[in-house]
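**Q** Could you build the full structure based on these sequences and the hints that come with them?
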Amino acid sequence: MIMKANVGNPEFDERYVLDRREAVPALVGGHKEFLFIAGLAGTARDVTSLVNDGPSAYGLGGAMGAATMMGLGLALARPDRTVIAFCGDGELLMNVGSLATIGVRNPPNLRIVCVDNGHYGETGYQRSHTSLGVDLEKIAVGSGIRRTLTIGTAAELPKGSKLLRESEDAVFILMRVKPTDPPKFKRTLDPAVCRVRFKAALADAARAGG
Amino acid sequence: MSAAVHAESRVKAKEAARAGWQYELYDLLRRNNFTQFAYVPDAGHTVLINESLADAEVESIALTTEEEGVAMMAGAELGGARGVLLMQSSGAGNCVNLLSLIAGGRFPFLTLLSMRGDFGEGNPWQMPMGRAVEPVLEAMSVRCLRVDRPEDVVPVVSAAITMAFQGGEAVAVLLTQKLIGAKAF
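Protein chains in written order, with the working numbering: chain L, 1 to 210; chain Z, 211 to 395.
Don't read these hints as lab results, they were simulated from the structure. Since we're looking at a predicted model, the values are computed, not measured. Do not rely on the hints blindly, as some may be mistaken.
[Said to hold, decoys possible] Distance windows between CB atoms, simulated: (1) Z:241 to L:185: 40 to 50 Å; (2) L:154 to Z:233: 32 to 42 Å; (3) L:80 to Z:388: 56 to 66 Å; (4) L:26 to Z:341: 45 to 55 Å; (5) L:33 to Z:265: 26 to 36 Å; (6) L:53 to Z:290: 33 to 43 Å; (7) Z:233 to L:14: 56 to 66 Å; (8) L:153 to Z:372: 51 to 61 Å; (9) Z:230 to L:158: 52 to 62 Å.
[Unchecked claim] A partial selection of chain Z residues facing chain L, derived with a Cβ cut-off under 10 Å: (10) 274; (11) 286; (12) 377.
For every residue, glycine included, the Cβ atom is placed at its ideal position computed from N, Cα and C.
**A** Below, the structure is given as C-alpha cells:
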C-alpha cells in the first residue's frame, strides 16, 4: 500500500519499487553464514522473519540508532564471522555519525544494509530525509566506507548478494524499497532473552568447532 | 639547581604521581581481558586512550558521540568480548536512550567518566550536566561509583568490573575533579 503522503508524487514512486518482503531475503540468500543485528521496527521484522526468530539475529525494539554500532562491536569481537547490521533510513539518520566511526576502522567483516523506504513506517509513514533529497550512500562514501552500493531494482540484487559475501572491506548497501509494511512476524521482544540465546548459540557453535 | 628548576621538577614529579593511577588502570583493564576501548576524545582519559592506541592487541575506537559507544559495548558483549566506554561526564547525557538497550538486555556494562561540572569547576556551561550525571545514569539503571583519591581508582574499578561482568550490572565509575583536578578557566 502506497501511503497517502506519496500520492501524486511519481518521481518518488519510481525510485522506490522493490518490496522489502521479497528484496531482503533475495539480497541475503542463504542466511546461515551470517550474524545479524537489526534496527527497531521494520528491519527487525525483516530479519527475524528471515531467520524464523532464530538466535543468529539480535533485533532491536527500541534504542533507535544502535544497530550500526552494535554491528561494529560484534564484528570486532568476532572477526571470524561476517556480521550484517540491517537498519532503516530513519534508524540510520538518527546515528549517521556511526558511518564515520565505521569508515575509519573499516572492519572487513561488517556489512551495513540500510533498507530505505523514505519513510518512518512505524509511526505512520511520515516522509524521512531520504525521500526529500538526502543520499545515505553518498554519506557512507564521504564517511570513508570503501565498498558501497545502491540497489533500486531486482536486477541489482545479485550484485549486492555477492558484495555481502566477498568484500575484504566494510560494506554499505542502500536498498531502496516501497514504503510498504515488513512481514507480519511475531518475534521474541524480550531483549535479555534475545541476548542470552544469541550468546548461547555462539558458544554452541564454538563447542562444535564452528 | 635554581629554585625555578626545583619548582619545575617538583611539578613534574607531582604530575607523574597523578598520572600513575592512569597507567595502573590501563593494566587493570588489560589484565581483565578488556579488548575494546571506545571513547570520545577527552583530556581526562588521555593515558587510557593513548595506551589503547599503542596496544596492538586491543581495538581503540574513537566515536562521534558517546551513544555510539553504548551500542558498541552491547555488540562486543554479544560477541563475547569485553569493552569499556570512556567519556567525559557531559557525554552521559548523550547516552540516555541507548542505555535502554543495556538495561532491557541486562548487558554487563562498564563506563569510566571523567567529571566536569564538579568539585572546583569554573566553567558555568559544565554545571548543569555535572549535576545531572548521577541522577540521569541511575534513572537508566546504571550504578555510579565515585572516586576521589588516586589510591582508590584501582580498587573501585576492580569492584566495578566484578559487579558488571560477574554481577550483570551496568556500572559507571566517576573519576571526580578531586581526583583529576579542575581545568583552569
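**Q** Now tell me, hint by hint, if it's right for this structure.
**A** Results for each hint:
1. Z:241 to L:185: 40 to 50 Å: For residue 241 (chain Z) and residue 185 (chain L) the Cβ distance comes to about 44 Å; the hint holds.
2. L:154 to Z:233: 32 to 42 Å: violated, 57 Å
3. L:80 to Z:388: 56 to 66 Å: violated, 45 Å
4. L:26 to Z:341: 45 to 55 Å: With Cβ atoms ~53 Å apart, the hint holds.
5. L:33 to Z:265: 26 to 36 Å: Taking Cβ atoms as reference, residue 33 (chain L) and residue 265 (chain Z) lie about 31 Å apart, which means the hint holds.
6. L:53 to Z:290: 33 to 43 Å: violated, 22 Å
7. Z:233 to L:14: 56 to 66 Å: holds, 60 Å
8. L:153 to Z:372: 51 to 61 Å: holds, 54 Å
9. Z:230 to L:158: 52 to 62 Å: Cβ of residue 230 (chain Z) to Cβ of residue 158 (chain L): about 58 Å, so the range 52 to 62 Å holds.
10. 274: Holds. Min distance 3 Å.
11. 286: holds, 4 Å
12. 377: violated, 15 Å
The structure fails to meet hints 2, 3, 6 and 12 from the earlier list, while all remaining hints are met.
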